[in-house]
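There are 4 protein chains.
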Amino acid sequence: MSNGKIKIGVLGASGYTGADLVRLAVPHPNMEISILTANTHAGKKVAEVFPHLGHVDLPDMTKVEDADWGDVDAIFCGLPHGTTQDITRSLVETHGDVKVIDMSADFRLRNMDTYQEWYGIKHRAPGLQGSAVYGLTEFYRDDIRGANLVACPGCYPTAVLMALLPVVSAGLVDPADLIIDAKSGVSGAGRAAKEATLFCETGEGMSPYAIGKHRHAPEIEQEISKAAGNDIVVNFTPHLIPMSRGELCTCYVRLEGKATASDLRAALAERYAGEPFVRVLNEGVLPATQHVRGSNFVLIGVFEDRVSGRAIIISTLDNLVKGSAGQAVQNFNLIFGLDETTGLGQMPLFP
Amino acid sequence: MSNGKIKIGVLGASGYTGADLVRLAVPHPNMEISILTANTHAGKKVAEVFPHLGHVDLPDMTKVEDADWGDVDAIFCGLPHGTTQDITRSLVETHGDVKVIDMSADFRLRNMDTYQEWYGIKHRAPGLQGSAVYGLTEFYRDDIRGANLVACPGCYPTAVLMALLPVVSAGLVDPADLIIDAKSGVSGAGRAAKEATLFCETGEGMSPYAIGKHRHAPEIEQEISKAAGNDIVVNFTPHLIPMSRGELCTCYVRLEGKATASDLRAALAERYAGEPFVRVLNEGVLPATQHVRGSNFVLIGVFEDRVSGRAIIISTLDNLVKGSAGQAVQNFNLIFGLDETTGLGQMPLFP
Amino acid sequence: MSNGKIKIGVLGASGYTGADLVRLAVPHPNMEISILTANTHAGKKVAEVFPHLGHVDLPDMTKVEDADWGDVDAIFCGLPHGTTQDITRSLVETHGDVKVIDMSADFRLRNMDTYQEWYGIKHRAPGLQGSAVYGLTEFYRDDIRGANLVACPGCYPTAVLMALLPVVSAGLVDPADLIIDAKSGVSGAGRAAKEATLFCETGEGMSPYAIGKHRHAPEIEQEISKAAGNDIVVNFTPHLIPMSRGELCTCYVRLEGKATASDLRAALAERYAGEPFVRVLNEGVLPATQHVRGSNFVLIGVFEDRVSGRAIIISTLDNLVKGSAGQAVQNFNLIFGLDETTGLGQMPLFP
Amino acid sequence: MSNGKIKIGVLGASGYTGADLVRLAVPHPNMEISILTANTHAGKKVAEVFPHLGHVDLPDMTKVEDADWGDVDAIFCGLPHGTTQDITRSLVETHGDVKVIDMSADFRLRNMDTYQEWYGIKHRAPGLQGSAVYGLTEFYRDDIRGANLVACPGCYPTAVLMALLPVVSAGLVDPADLIIDAKSGVSGAGRAAKEATLFCETGEGMSPYAIGKHRHAPEIEQEISKAAGNDIVVNFTPHLIPMSRGELCTCYVRLEGKATASDLRAALAERYAGEPFVRVLNEGVLPATQHVRGSNFVLIGVFEDRVSGRAIIISTLDNLVKGSAGQAVQNFNLIFGLDETTGLGQMPLFP
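First to last, the sequence lines map onto chains A, B, C and D. Quick note, the first sequence lines up with residues 1 to 351 if you use my numbering. Quick note, the second sequence lines up with residues 1 to 351 if you use my numbering. Quick note, the third sequence lines up with residues 1 to 351 if you use my numbering. Quick note, the fourth sequence lines up with residues 1 to 351 if you use my numbering.
One chain only, chain A, in its complex shape (with noise of 0.2 Å):
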C-alpha cells in the first residue's frame, strides 16, 4: 500500500465481468492494478483486447502462473467455476493476508453435494468453503466487513434475493409459491465465442433458456431457504432479451394472512431504508433495466395481482455491476473499511 493505494489482481480480465471491474478501479480512489490475467489473452496490452480502455495506464495481461502476487492486497476473481478453486487454495496458503474477492460461482454454495450437483464436479477446496462469506452486500454486510475470502452472488440471485428475501424473512408470503421469470441480457453469458450468443442468434428476439437447470436456482434456493426456516424450492426461468446489459426478475408471490401488495412495498422500503443503492419505487412507477444501466442500483417495484391473494414484486439491476463487478467493488469497500460508496458513483447511462 505504497502510495496509500491498494494494489489489486484481477483474474480473468478479458471477460465482460474483468472490463467492467476494471471500469470501476481505474477511478477508484483507493484502488492501484497491479496484475491483469487472462490466459488465452496473456502478452496482450489492455487496450487490444478492450480498444474502450485504451486511455488507461494499465500492466499487460498476463498467465496467471505467471503473476507476482508479492504485493498485491486483493484480488477480484472473474473465472470460470472451478478454475478459481485451486488459484484461490493456493493464494490463501502462500500469501494468507490477500483478499479474495471471487465474482464466479466457486464459493456461493455451502453444501457440497449440492455444489458437486449443478456444477458436475467434486469441489476442491471445500475447506474454504466454510470460511466464504457470501457477498450480498445488504444482508451480509458484517460478515463481509471480516472475512479473507467473498463469493459474491450471481446476478440473477442477486437481483432475485434483495426482492424476495425481506418479505419472505417477515413472513408476508408463502416461500412455497416462488415464480420467479427472468431476464437477462446477453452478456450474462460471457465473452466467449458461441454460435448461441451472436448478434444474429440473438438480435431482434428473445427465447427462454435452461428451464429448470439455471445454476443460480440453487444459490437463490439456498439463501430463501435460510430466510424460510425450511428447505425451499422455487421455480426459476430465465429468458434472453436482446440487449447487452441488464436484467429484471419478475417475481409472482402468494400473499400470506391478510398482507397486500402494499404491505410488502412497505417493508421492503423500510428494509432499505438508508441503503445507498437501492430504490424501492413508489406505487405506479415500473422498473426498467435502461434506469440502471451502468450503475450499481438495484430498483424494486410491488404490484397488485389481479388475482386475489397473490402480488407481484420487481427488481432489475445491471448484471455487469450490481449483478458482479459493482457489488464486488462494495464488498471489497467494506473489506478494507472504506466508506461502502467509494467508486461507485456511476449514474445510469440513459438512453
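Now the stretches of chain C that chain D is said to cover, found in silico as 3 or more residues with beta-carbon under 8 Å:
hint : segment
1    : 282-290
2    : 302-315
Short, incomplete list of chain A residues facing chain C, as computed with Cβ under 10 Å:
hint : residue
3    : 16
4    : 192
5    : 196
6    : 198
7    : 199
8    : 201
9    : 203
Hints are computed from structural coordinates only; laboratory data are not their basis. Owing to the predicted nature of the structure, the values given are computational and were not obtained by experimental measurement. Quick reminder that beta carbons are idealized off the backbone N, C-alpha and C, glycines included.
Knowing the structure of chain A, use the given hints to seat chains B, C and D on it.
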C-alpha cells in the same frame, strides 16, 4: 368478384397491422385490394406511407367516409378500438353482404359491461356483438365459416389461449392458478408517434408495463372461463422487449391430480395434430420468437418445473401475423371457402 | 426430375446463406431439396440446426463426401472459399450435367493472380474458372442461361455494381474517382462463432472494418474496369451495423462533363426499366435497408451533392437475398428456363 | 456561489441532451443545479421525466418564464434553435454576469444570412452573435476562457472538425475534395415523439437522411473554410444507425503533394498530444462507437486508401457527450477556471 378475385378493403392501412395485412394480401391468389383507408394519410400513395410496398400497384389511401364500398366483398378493420363499432354498424346496415374481419378489440368481449369497464366507453353496436364470432381459428373454425363479423383475438390472447385452452379444457391444470408472464416486441404498441416507443426509450433495455391493467386480460379470462366452466381471473403481466416483432408467453401452471408436464405436451400435441400453423415442440426444444418471425406459426413448448406439482407452457408467435393480420387472413380463407392456408405460406425469416 | 421437380443439393446448409437458400427453395414450385450438407453438423436434422425450419420435411444434414449426387440436377454452394474448388471440379468430372450455382468467392475473379493475392491460396481449379459465368443477373443474363457454373457475386459487389455499372458504362461518371462507403448487417460475417460478432460486441454501436482490404474490392474493380475499359481501383470502405440483415452502399461519384444527378437517375431508370427486382427511386425518396428485408429487391436512389460536379448514388439490398441466396435462385431460374421471378415473390418484411 | 459551488440552470432539461448534462452535472464537484426548465413537463419531478435520475435530489422542472435567475451563475441551453436567441438576449440584458453555454444551434454560425438560409428564420439576437465563441474546445480554448456566451458545436461538426481541421490547416489534404460519410445513433434526433424515430422504424435497419441538406454542413464549412483560408463546400451525408448513442464519421480526403496517410496520422498525433479527451489511434486500430459510449472521448484513426493519392480519416464520439453535454461541461470548466477535465472522468461503457 370479377376476375375471380375477392375484393377487399383495409381500414387503418397505415399502421403496422394494416401494412402486414397488405403484405399478405398482395400475393394472396384470391384477394384484390380495392380500398385502403388511413385518415391522417388520406390522399397519399401507399409508397409514401410504406416505402417497402412501393413496388406494388395499389389504390391510394383514402378517408373512411370517402371510400366506395359498392363492390367490396370483405373488410379488414385495423382501426383503434371504439372507431370500429360505428363503421361496422353502418356497413352492415348498408351493405349487408360484406364480411367484416375485425382486427380491433371492439367485438371480442361478449359482456358489454366488461367492455365498458376496460375500454372506458359504452359500446355503440351491442346488437352486432351477439353475431360476432371470436376469431381464434383453431377453436372457432366452424362458427367462423358462417360468420359475417369475425372479431380476431388480440395478439397476447392468441398466444396464451393456444397454450392454455386445451389443458384447461382437459382438466389437466388448475384454472384458478394461472400466471402468464408475457413479452412483446414494440410493434404491438402501434405506429402512432409516442415518446414511450421511441428507439432510444425502448432500445437496449426492457420493462414491464400495464401490470394488472392490460386490456387483453379480460379477453383471456373470457375464453379461459368458458373452457373451465366458471369465472376465472388470471395473472397477466406484459413486458416490452427491444425487438420489432414477436411475442412469447411463459405460462406457469399448477398441475391437477397426477398430471405431468409430459401429459400436457401430449394433450397439446394431440389437440393440434394436423393443424397447419401450430407446432408443439419436442421435449427440450426451446421456443424463440426468432423462429416464427414473419410467419403465421405458433410454437408451443412444455417444460417441467422444479417445483413439484407445477409445469411451464411457453408459446410464441409473430404478433403481427398469427397475432393479427395472419390470423385475419386465415379467417378470411375460412369465410370464403378457401383452403385455410391459402396465401399464408410465408417461411419464418431467420436471421 | 421425376414429379417435374428439379432436384437440388445445398452445400454448406448450416450457414445463414444456406438457411436462406432453403427458405427460398422450400416453397419454390420447381425445386426439390435432395441433399443438404453441413460438415460440422452432419447427421443432424435441419430442425436441430435451424429450428425455424422445423415444420418442413427435409433430408438430414450430411457430409459432403457422403452425399449421393446421383440424381441431383443442381448444386447451390455456400461453402467457405477454397473448399468449393475441389468439390466443384470433382462434381464436374463425375456428373457433367449437374449445374453449379456457387455462392462462394471461388469463381468470381477472372484473374488467377488476383485470386491468389486476395485469398492467399493458389486456385485449384483454374480450368473451370474460364467456363464460370459471373452471376450478376441483370448484366450477364444471356451467359447465365447457358452456364454450367455460375459464380454469384458477393453481396457488396451486387449492391455496388447495380448502382455504378450503368453510369460508368454510359460515361456519366469518372471511374477513377469512385468512393464507396458500404454498410452491412452482421449476418454478412457468417454463422461461425467469433468474438467479433457476438451480440455484445456489435450491438449498440458500429465500426468500420477491413479498410482497404476487403475481398469484395477486387471483384468490384474487375467489373468496373470492364465497364470503364481500363484498369480501375476504387475506394471501398465497409462498416458493420447493428442489424442482422441488410446492406446499404453510399457511392460518391464525380460527374463527367455536364452530367447531373438527374441524368444519372434517368440513365439508371432506363437501364433497369422492366427489371422485376430493381427499383430506381424517385427524386427525394430515401433508400433504407428496412424496405428490402427478406426480399430480392435492390433499391437505388440518386442525390445531388452540394459539392459542384459530384453526385451520390445509394443502393440497398438484403445481403442474404439479392446479395446471395435470392440472386442464386434467380440464376437457377434462368439456367432451367423458368420465369426469372419464380419463387422470388417474397414481400419485404417491415417492421 | 455559497458552499463553493457554481449554481447552474439547465434549459430544456427533458431532452436527451439535457438529461446527459444532468448526468454529468450531479457528480461534478463544482456544480449545483438550481434550475431545470422543460416547458411541456413544467411542474413535474425529474424522476417522472427521467426515472434513471430518481435517486438524485433535484429541483422540479419549471417553465422558462417562471425560473428565478437571481443567483444562477451559468446557464446550459438545450432548447430548440430559434428559442435560445430570445432567452439569451433577455438574460444578458438582465443578468449581465451569467455565463451562457449554448448547446443549441443558434449562435454557431458567424454569417447571419447563412443562419437564415439554413434555419429559415431571421436571427433575433445578431448583436450577441459577435460576442459568441465557437465552443470547439480543443481549437478555441483561449477564447472560451473569457467568453460570456459559448456556442457549443453540433455533434457531427465536433467529430468532423476534430478529424479534419489539423490536416487542412497543415495543407496536407485538399479542402476542395472532402467527402464526409457520417453515421449517428438515434438520440441525435431528440426526444420529441416522431414516427420516424420509433423503435420499429429505425430498428434492424438503416438509411441515409437529409442528404445535402443537414444543418451541420454550413457549420463544418465555416470552420473548414477558416482553416483553409478560402470558401469551402463539403460533401456531408448523414445516416441513421440502429443504436441510441454514438457517432462515426468516415472522411475521404485527397492528399496534397507527397503527403501519406502516415503523415496525416503523425500530424494529428502531434496536434492532439496532451489533449485529455482525444486519442489518435495507432496504425491498424479501428475506431468504434462502442469504445466511447458515455465518455467524453474522441477517437481518430487514419487509414491508407487503395486509391492512389487518397486517405481515410475516421473519428468517433458519443454524440450526447463530446458531441454535446460533455463538451459543454468542458467549456464550463474553462470559463470558471477549473481543470478542464473536472467531472468528465466517465469511463466508456462497454459492452
